[in-house]
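Peer 1: Sequence:
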Amino acid sequence: MKPNSNWVITNTEDSNLNVVNNGNFTSYETDDVVVAVLNDSEPDPVDVKLGHGSTLRKRKKMDSSSSQNTEEVNVKQCRLEDQDDLDSPDDYVESLDAGSGTARESFSEQNENQNGCRTEVFRMEDNKYILLLPADEKFTFRGKLQLTLLSGEIEVFGYRLNHYSFYKTLDLYSPRRNMQLYVVGKQPYESLTIPELEAFLQDKLSEGDLRQLLKSFTILDSLLIIEKLNSVYSPILRHYCDEVDLFYEKEIMQQVSPVARDLECLLDLTISTDRKLFTEGYNWRRIQPQKCTVICGGKGVGKSTLLKYLINTQLMRNQSVLCLDFDPGQTEFTAPGSVSAVLVKDPLFGPNFTHSIKPEKMAFLGYVNVALNPLKYIKSVNYIIQSCREDPDLSTIPWFVNTMGFNKGIGFDIMVNVLRLLQPDVVIEICSSDRSKNYKILLEPNNVENEAVISFVPIENNVLNYRYYSLNTCARSKGIGFQGGFKPAELRDFMTLSYFSPLVSFPYNSLNAAQPFWLPFSKLTLAVNDPVEPEYILQAFNGSLVGLCNLDGIECESSMVAEDSEISSLRVVIKPEIAPCFGLGN
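Count along the sequence shown from 1, add 365, and you get the number used in this note's numbering.
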């Protein structure tokens, strides 16, 4: 009996094939697969419901001589390919476990590829889930999520996680108004065996789920443990930014799905086209970072996104990299108003306020607009560069440099000074179709060498020899940037809250509840960027963000002793040339 040509059989090699004719359809049964195929004589449409470990039910119109209305076949594993159009299974399926006969919930999405694979989720104990991710399939989420690799290989935002990775657990963030990260399965070099998986999962999954997972799993699949991410940044950001609902807490509370409530994120296994996903830029994978790599360009062209992507790629080869953060207006790792050198050991998966790191070297500026005092900015940058070169632990690892988007007027002069001080090996310039976001010339070595600019500090060697990349911005494309719809001032507020987040604790989640560190004024010298009348000195500091700095041996424009009714004498210095900083306070 010849089956209908609209259906074809797959995965029957090396198995004993048993063909059973059941009237209007033929069942092809093997050790691993059961496939039902319509016969040519089928007069009516057939409703087929498929699912691993579920029941395949065919409904047909019976004649008067028939005594049975439904034929049922137990399915071990079904794989049908329709050469025309075939509707996918429902996003949420309630199935009947053929082994135990007890109802359970299966949360799965099917993303058909050339191998017919699909992504599935299985509930574990303690509100954790196992996610089976076939090669080349992807999933995304909104909110925050912790992911641990159990078997296989995945890639997320430039970072490949596999058996040989330094880290097996990742903290992922896709906040509101930001691009959404996605996780994609890759073909692994090494994978767990079925017996190893069964031994690990037998006490973590129900019997039916374990059987279904083991039937679905192939050596090309990856297995992930996904769970709620208890972030140190969430409480303080939720307390002060409740209206923004950064991590979708309010939306999650309204969800019916237990997956969303357990994970406290919105999981999306079928990525729709309207999602604002991260999009890898053209030629990004061809960039070869070296000892010192500088990323530059105008405002909003995607510098910070590319910076984090390249750092992630290097962390697959190095246990740590050094990031010189020279953008005081949009700092990547610490509070705004400073320049710093940060040792990055973990891959970065989110906007700046999701990965605050204590810097190795730091200079406090006290402002975000470097045009107010470009000389102090350049001297502070030079201090960071020289300090890192003199540190044997920092000088030998890869450097990445985050620069400002200040590209007009004196901003161009500042950029040229920074490049001459750094003597980089690689410069990546991101150019925009909007010429106002570009420098007046391309930052090629010959151009920078020959350009006449203000020299803020003596530079011994103006000769530059670096590999230059010019990239077109992807920031106009959907979902390229981490900054999303937030204003620069909002991001600075989030970053400041993130910086102080280790000081707050449940249930207060407020900076006012943090225990202050007390120090008498007699032990301090107050430094200001502009002259202030003596009687207003304390008022200028009250409630302000300040840096705790070491000014020993630092030149200042002037100094004075202010008299106060409560303080016998108060030492004040005005405009210190640089301010090496230990940390910030309020």
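Check before you lean on any hint, since a few could be wrong.
Unchecked claim - Calculated lysine-lysine pairs in the DSSO-like style (CA-CA distance at most 30 Å, straight line):
no.	residue 1	residue 2
1	LYS615	LYS580
2	LYS551	LYS615
3	LYS551	LYS656
4	LYS723	LYS551
Claimed, not checked - Restraint ranges, calculated between C-beta atoms of paired labels, are given here:
no.	residue 1	residue 2	range
5	ASN734	TYR901	19 to 25 Å
6	ASN734	GLU900	38 to 44 Å
7	ARG525	VAL893	19 to 25 Å
8	ASN811	HIS604	48 to 54 Å
9	GLU814	PRO885	18 to 24 Å
10	THR513	SER801	43 to 49 Å
11	GLY774	LEU910	26 to 32 Å
It should be emphasised that the hints constitute simulated quantities derived from the structure, not laboratory data.
All residues carry an ideal CB built from backbone N, CA and C; glycine is no exception.
Peer 1: Taking the hints in turn, state whether each one holds.
Peer 2: A quick look at each hint next to the structure:
1. Straight-line distance between C-alpha atoms of LYS615 and LYS580 comes to about 37 Å, which puts the hinted pair past the 30 Å bound.
2. Between LYS551 and LYS615 the CA atoms are separated by roughly 34 Å; this puts the pair beyond 30 Å, and the hint is violated.
3. Among the hinted pairs, LYS551 with LYS656 is consistent with the structure: their alpha-carbon atoms are about 29 Å apart, no more than 30 Å.
4. For the proposed pair LYS723 and LYS551, the alpha carbon gap of about 34 Å is over 30 Å, so the pair is violated.
5. A beta carbon spacing of about 22 Å between ASN734 and TYR901 agrees with the range 19 to 25 Å that was offered as a hint.
6. A beta carbon spacing of about 27 Å between ASN734 and GLU900 contradicts the range 38 to 44 Å that was offered as a hint.
7. Checked against the given bound of 19 to 25 Å, the beta carbons of ARG525 and VAL893, roughly 49 Å apart, lie outside it.
8. In this structure the supplied range 48 to 54 Å holds for ASN811 paired with HIS604, their Cβ-Cβ distance being about 52 Å.
9. In this structure the hint that GLU814 and PRO885 lie 18 to 24 Å apart at CB is violated, the actual value being about 52 Å.
10. Judged by the Cβ atoms, the range 43 to 49 Å given for THR513 and SER801 holds: they are separated by roughly 45 Å.
11. Checked against the given bound of 26 to 32 Å, the beta carbons of GLY774 and LEU910, roughly 27 Å apart, stay inside it.
Hint compliance for this structure: hints 1, 2, 4, 6, 7 and 9 are not met, and every other hint is.
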